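Q: Chain residues, written in single-letter form:
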Amino acid sequence: MSVQDMIKKSAFPLFTCPGCTDGIVLNAFLRAFEKLDYDRSNTVLCCAIGCAGRTPTLLDFNVLRVTHGRALAFATGVKLAKPDTKVVVFMGDGDSLAIGGNHFIHACRRNIDLTAITFRNEIYGMTGGQYAPTTPLEGIATTSPYGMIEPSFDGCKLAAGSGATYVARGDVYNVTNLEKVIEGALNHKGFSFVEALTTCPTQFGRRNKVADPVKMIHRIKDMTIPIEKARTMNEEELEGKFPIGVFVDKTAVDLNTRFDNLLVRVQRQA
Amino acid sequence: MADTKKLIQGNEACTMGAIKAGARFCASYPITPASEIGEILSEELPKVGGKFIQMEDEIASMGAVIGASVMGVKSITATSGPGFDLKQENIAYAAMTEIPVVIVDVQRSGPSTGGATVCAQGDLLQAKYGRSGDCPMIVLYPNSVKEIYKTTVRAFNLAEKYMSPVILLMDETIGHMRENIDLSEYAKLEIINRKCPEVGPEEYKPYEPDKDGIVRLMPFGNKNGYRYVIQGMHHGSNGMPNLAPEVLQCSLDRINGKIERHKEDIWEWEEIDTDDADVVVVSVGCVSRSAAEAVHEMRKKGIKTGFFRPITLWPFPDQPLKNAIKNTKVVVVPEMNMGQLIHIVKEYANDKVKVVPINIYDGTVIMPEQIEHVIEEVNKK
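Residue numbers (the numbering used here), protein chains in the order written: chain R, 1 to 270; chain Y, 1001 to 1381.
None of these hints come from the bench; they were simulated from the model. Just so we're clear, the structure is a prediction, and the values are computed from it rather than from any experiment. From the three backbone atoms N, C-alpha and C, an ideal C-beta is built for every residue, glycine too. Be aware that a few hints might be false.
[Unchecked claim] Short derived list, chain R residues pointing at chain Y, Cβ under 10 Å:
1) PHE15
2) VAL63
3) ALA107
4) PHE242
5) LEU255
6) PHE259
7) VAL266
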């Protein structure tokens, strides 16, 4: 099974804009999936609305594409109903950290055994460039024409603080790391989260003087630093930087295992 | 012989019906007066190998039950007014994607927080029209503990048979009321399960309906090689996004048409003494219990009165109602809201029939005497 075989030829031409890097994240996922040799028929990809939410429908998998922000809520039902199914959730930053923020923190807390990947492109792309909870300060969006005045979310800190047992960040410049952290996430038992820094030249770049797709990827290169190096830097030096690598990787009992134990206990009493 | 009679609450009967129907998953969020449904299922589902989860909000609980149903597990959620508002978007998703699931709305007084413990019937029209777009819905409304049990089973059967969400409407009074039920009467209730695809994975088109107009969705995680996309965006027979005019029209016709075409199978209603009735009382839920009593009293007094109760509220049993009131002079519609059921009755009543409302929305259940008084007044004229 090659990566190409897992992409629907019928989905071409793609709906994505020229210069979009969402495909780099999908590619990293497919390579990790192939390497781990999972069964596609026993895998459910869950996603919702927006560019990142639509991209999984290009893959030849069982795909449950749901209402905006609710992918993790649906995925919770999927995983509880059939615990042996591999579940991977693809979300945009607005999807996971704005409208779906409540589901996000509770999925982390429950330590349900699934992988969530957030595409952080710092903007609402599909709807026309409105600001996201990840848009940087002073960033220009169609709803922040004078510059963004709200601080942004750090998806990894939010996940770690909410109890996720695997938390990592990757980006579309350092693709080897991206593939490695997604592989680590898929391999992890419990709730795993990967924040993937992506680019949107059309909606973010054009308004923020980085319309050139290559320049946008270079911007990502400049923004990111390996986690090991970040540990040696002070707060001032870390301003505007995104450490990449694995932040959390710990063993803890996942929700379905707790359910299994509960079922045994209840049925023994009955 | 063991005594199989039990004194149980309406909400409890709903949970027993759900388990009888084969439900093995419930996700809910606490809300009065529906909370007992989640509480009891959290205790009973594990005994039969099922799972209950209390989600972070009403929206998530609606999403989780649809997710579980996609995997082939029959699922239920329960709520009331404000929670029912929040669930609408995902209920529409289930209708659009044709995922069977049962949603219980134990009505309380609204709008907004209203009165959590106060009975009302304010969601009759919301159950049908509460979502954007032309969204089809099957809505059932029982009026006794026994009927809640068997109607819950029926809700699951219709959901699986027609690949559609089904709303089980109740009200605070019947949800919290206790009555005797003899479960041995229902040992042989028919249980319907969803049909599998007729073709192998190679030729499979998930949204191509069978000869009855119903889609055959292979549960995800099937391990048999069936792979497809389920999405709330308009989609063609292969499940992929498609906004072509003929695709939109065809899919909207299908999801609405499958309910309309099979309405006679979905309809259930109760009718008493309508043949010679000068006055017919049309009502649902807790109010219909008072209405039945009032009709009985009026007959004793020699006033020719009849009773008509839709158990299937949507699709509305229009032809049965037309037949029941074709020779009637007056139709009385008592309901615990500002007038909802009456609009539907007026739609199907001929010009010669006078339609008289009784609207009580102060939280007190409409009593037989209040209905009798109106019947006597209209009969004098």
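Q: None of the hints should be skipped; say for each whether it holds.
A: Against the structure, the hints come out as follows:
no.: 1; hint: PHE15; in the structure: holds (8 Å)
no.: 2; hint: VAL63; in the structure: holds (4 Å)
no.: 3; hint: ALA107; in the structure: holds (9 Å)
no.: 4; hint: PHE242; in the structure: violated (28 Å)
no.: 5; hint: LEU255; in the structure: holds (9 Å)
no.: 6; hint: PHE259; in the structure: holds (6 Å)
no.: 7; hint: VAL266; in the structure: holds (4 Å)
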